[in-house]
Amino acid sequence: MNKIKKHRIQTYSESKKSIFYNFFKKVTLNARNKFFKYFKDFTDYDDNKSVLDVGTTPSLDEEQNIILAKTKSNKNITCISNQDCKILAKKYPNIKEFVIGDAIKMGFQNNTFDIIHTNATIEHVGSYQNQISLIREILRITKRYVFIQTPNRFYPIDFHTTLPFIHWLPKNMHRKILKLLGLNFYALEENLNLLSEKNLKNICKELNLTNYKIIKHKLLFFTSNLILIIEKER
8 MNKIKKHRIQ TYSESKKSIF YNFFKKVTLN ARNKFFKYFK DFTDYDDNKS
58 VLDVGTTPSL DEEQNIILAK TKSNKNITCI SNQDCKILAK KYPNIKEFVI
108 GDAIKMGFQN NTFDIIHTNA TIEHVGSYQN QISLIREILR ITKRYVFIQT
158 PNRFYPIDFH TTLPFIHWLP KNMHRKILKL LGLNFYALEE NLNLLSEKNL
208 KNICKELNLT NYKIIKHKLL FFTSNLILII EKER
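My numbering puts the first residue of the sequence shown at 8, with every later residue one more than the last.
Note that these hints are calculated values from the structure, not bench results. There may be inaccurate statements among the hints.
Below 27 Å or equal to it, Euclidean Cα-Cα: the simulated DSS-like pairs (lysine-lysine) are [claimed, not checked]:
no.: 1; residue 1: Lys41; residue 2: Lys220
no.: 2; residue 1: Lys112; residue 2: Lys32
no.: 3; residue 1: Lys77; residue 2: Lys93
no.: 4; residue 1: Lys205; residue 2: Lys41
no.: 5; residue 1: Lys79; residue 2: Lys150
no.: 6; residue 1: Lys212; residue 2: Lys32
no.: 7; residue 1: Lys98; residue 2: Lys56
no.: 8; residue 1: Lys220; residue 2: Lys150
no.: 9; residue 1: Lys225; residue 2: Lys205
no.: 10; residue 1: Lys150; residue 2: Lys103
Based on the provided sequences and hints, a complete structural model is requested.
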């Protein structure tokens, strides 16, 4: 099985096996609907804007790709993923193009899209340096806004594995425990590298960004997700 195929099968598979899956599905759906409201409220999105969705998931599940479900009237949507997402073409006929590529090194020209959207992707691109490279690349190809959503490392439950608290441990210890539990896919940094609010702020500092905000989305009184919104300097 090649790496991309493995990623497609195993990403989110642990949560789907869980007895809590239906609960987490409902929570995820509600949260992602809220994320789209943040997207509209904190960017200048309308149906005439060109949008690149980075990290599109080749899944027809209701809770996946909310951005595509909410922008069906926009014919200026492009999707890029390391997986083949053409399965989505029938469900979302408005999509301009599905591109298979590397989010850290995309082949688009500078300032190609009005808005770049990425949902629950940055934690899957590997090392901290890769995460910096992803944001740098996104900034290169956006004209104006960047919208990045990622789970908060310090929420009590990791929604990828549905395990509590162990992701608060030092990352090397966390990965060793995941491996012992047979969760080999998520035990690799290249497949899961959770971020905190401090990590996002440090990335922005390293990239000399000042025109940004971080929205803290809460679930049961704790911050479950972090949304980084950057307005590109003109």
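Failing hints, ascending? 2, 6
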